[in-house]
Amino acid sequence: MDRINYKKCGMLNIGGQNVTLTFATGLSDFWIVKEKQSESLLKPLNKLVEIKDAGIKGPLISNVKITNVPLVVFTSKPAAYSSSLANIGGLLGLSSDPNTKSPLQYLTQNLPKPILTFYTKSNGKLQIASQNEKDVGFITFGGEDNTNCGEYSYAPLAKTSDWSVNVQCVKVGDTECAKTINKTMTISDDELSMLAPQQVVEEIAKIMKLKPFGGEEDNSGMYVFPQGSCEAKNIAKLPTITITVGDPDDCEKQAIINITPRQYLQYTALGDCRLLIANSVAMGYEDGWLMGAQLFADRCISINWKEGTLGFADAKI
Numbered sequence: 001m002d003r004i005n006y007k008k009c010g011m012l013n014i015g016g017q018n019v020t021l022t023f024a025t026g027l028s029d030f031w032i033v034k035e036k037q038s039e040s041l042l043k044p045l046n047k048l049v050e051i052k053d054a055g056i057k058g059p060l061i062s063n064v065k066i067t068n069v070p071l072v073v074f075t076s077k078p079a080a081y082s083s084s085l086a087n088i089g090g091l092l093g094l095s096s097d098p099n100t101k102s103p104l105q106y107l108t109q110n111l112p113k114p115i116l117t118f119y120t121k122s123n124g125k126l127q128i129a130s131q132n133e134k135d136v137g138f139i140t141f142g143g144e145d146n147t148n149c150g151e152y153s154y155a156p157l158a159k160t161s162d163w164s165v166n167v168q169c170v171k172v173g174d175t176e177c178a179k180t181i182n183k184t185m186t187i188s189d190d191e192l193s194m195l196a197p198q199q200v201v202e203e204i205a206k207i208m209k210l211k212p213f214g215g216e217e218d219n220s221g222m223y224v225f226p227q228g229s230c231e232a233k234n235i236a237k238l239p240t241i242t243i244t245v246g247d248p249d250d251c252e253k254q255a256i257i258n259i260t261p262r263q264y265l266q267y268t269a270l271g272d273c274r275l276l277i278a279n280s281v282a283m284g285y286e287d288g289w290l291m292g293a294q295l296f297a298d299r300c301i302s303i304n305w306k307e308g309t310l311g312f313a314d315a316k317i
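In terms of the UniProt record's numbering, the sequence shown has 180 at position 180, counting the first letter as 1, and numbering is strictly consecutive.
It should be emphasised that the hints constitute simulated quantities derived from the structure, not laboratory data. We treat Cβ as the ideally placed atom computed from N, Cα and C, and that holds for glycine. A hint or two may mislead.
Said to hold, decoys possible - Ranges between beta-carbon positions, derived for each pair:
#1 Asn234 x Pro98: 29 to 37 Å
#2 Ala80 x Asn234: 40 to 48 Å
#3 Gly143 x Glu252: 18 to 26 Å
Just need the whole structure built from these sequences, with the hints factored in.
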C-alpha cells in the first residue's frame, strides 16, 4: 500500500487491467479509467450512475470473482479528481449510500468475511506522516490483519456515509478528560493531522503540562512539551492517550484507540517536541474530532460493512 496525497492506494487487477486504486473512506463511488488499447473486460460508460448491465466479468480484486459489479469506467479521469488524484487510475469508496447498494456489498458473498483492513506502518521517526510515501503498509480483503496487529475491538459506525464513531471517553494515562461524551469522531483521508475538540486538547495540555506553541497568547491550536521530552530516555515516561468509542450502554460495542507517545510526538526542525493532536477550531474546522493519516500509523483499522462497525488494533511492534 502507498500513500498518495494523504490517501491510501494499492495496485490491483480489475477486470484484467492493473489499476492504481485509491480507497476513499467518505465515498461510495467505484470508478476506474480504462487504459488506451487495453484488452481488459471493462466497457467505457462515462456517466456517474449505477450501471446494471456492465461491470467486471472476471477477477475483481486478485482472485475474487464477481459478475457484473456496478462501476463507472471512464476514458479519461474526471476533472474533479485530476489534481488531487493525479497518479491514480481509479477509486473504491468504503462507505455506504442509503439509496443504493455500495460496491463493497457486491464483495460480501465472495469473501471469507465482509471486512477490509488497513495496516499502516509509521516512518519510525517522531515525525508526522508524509503526504506521499511508498510501501506504507498492507490492505487485507476479507478479514483482519492478524500478522501485523494484535486484538481488535469494534464500535458501531455513527453514520454509514463515512468512517465515524462516537467518542465516549478520553484518558491521559489514568486521568479522564471531562465532557467528551457523544462527540462524533470522523476518520478522514483528506487530512494529515489528528484534530480534536478545543476543550479536549486544552485538557490534554493541562494534564500533561504543555505550553502553547507560540507562547501564552498563541492561538495556533498546537502545544509543545517541555524541552527534552522527545529524547528516548524520556519518551517511556510519557502516558498513553486512550480514546473509548462506541455505544455508551454496551461494553461489547465499544472499541479502544490507544495513541502512544511515539504516535503523538513530533520532533520539529526547530527543536521543539510537539503534540500531534491539535485544536480543530484553530485549524479552521468545526469543534470536533477529525482524525487524518497520523491516526493510522502503527495501527490496523478495519471496516465491517455488513455489521456497520469500525475496528481498531495496535500494531505488533
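Hint check results:
For the hinted restraint 29 to 37 Å between asparagine 234 and proline 98, the CB-CB distance of approximately 49 Å leaves it violated. Separation of alanine 80 from asparagine 234 is about 46 Å and conforms to the stated range, judged on CB atoms against 40 to 48 Å. Remark: the range hint 18 to 26 Å for glycine 143 to glutamate 252 is upheld by a beta-carbon distance near 20 Å.
The earlier numbered hint that this structure contradicts is number 1, and it is the only one.
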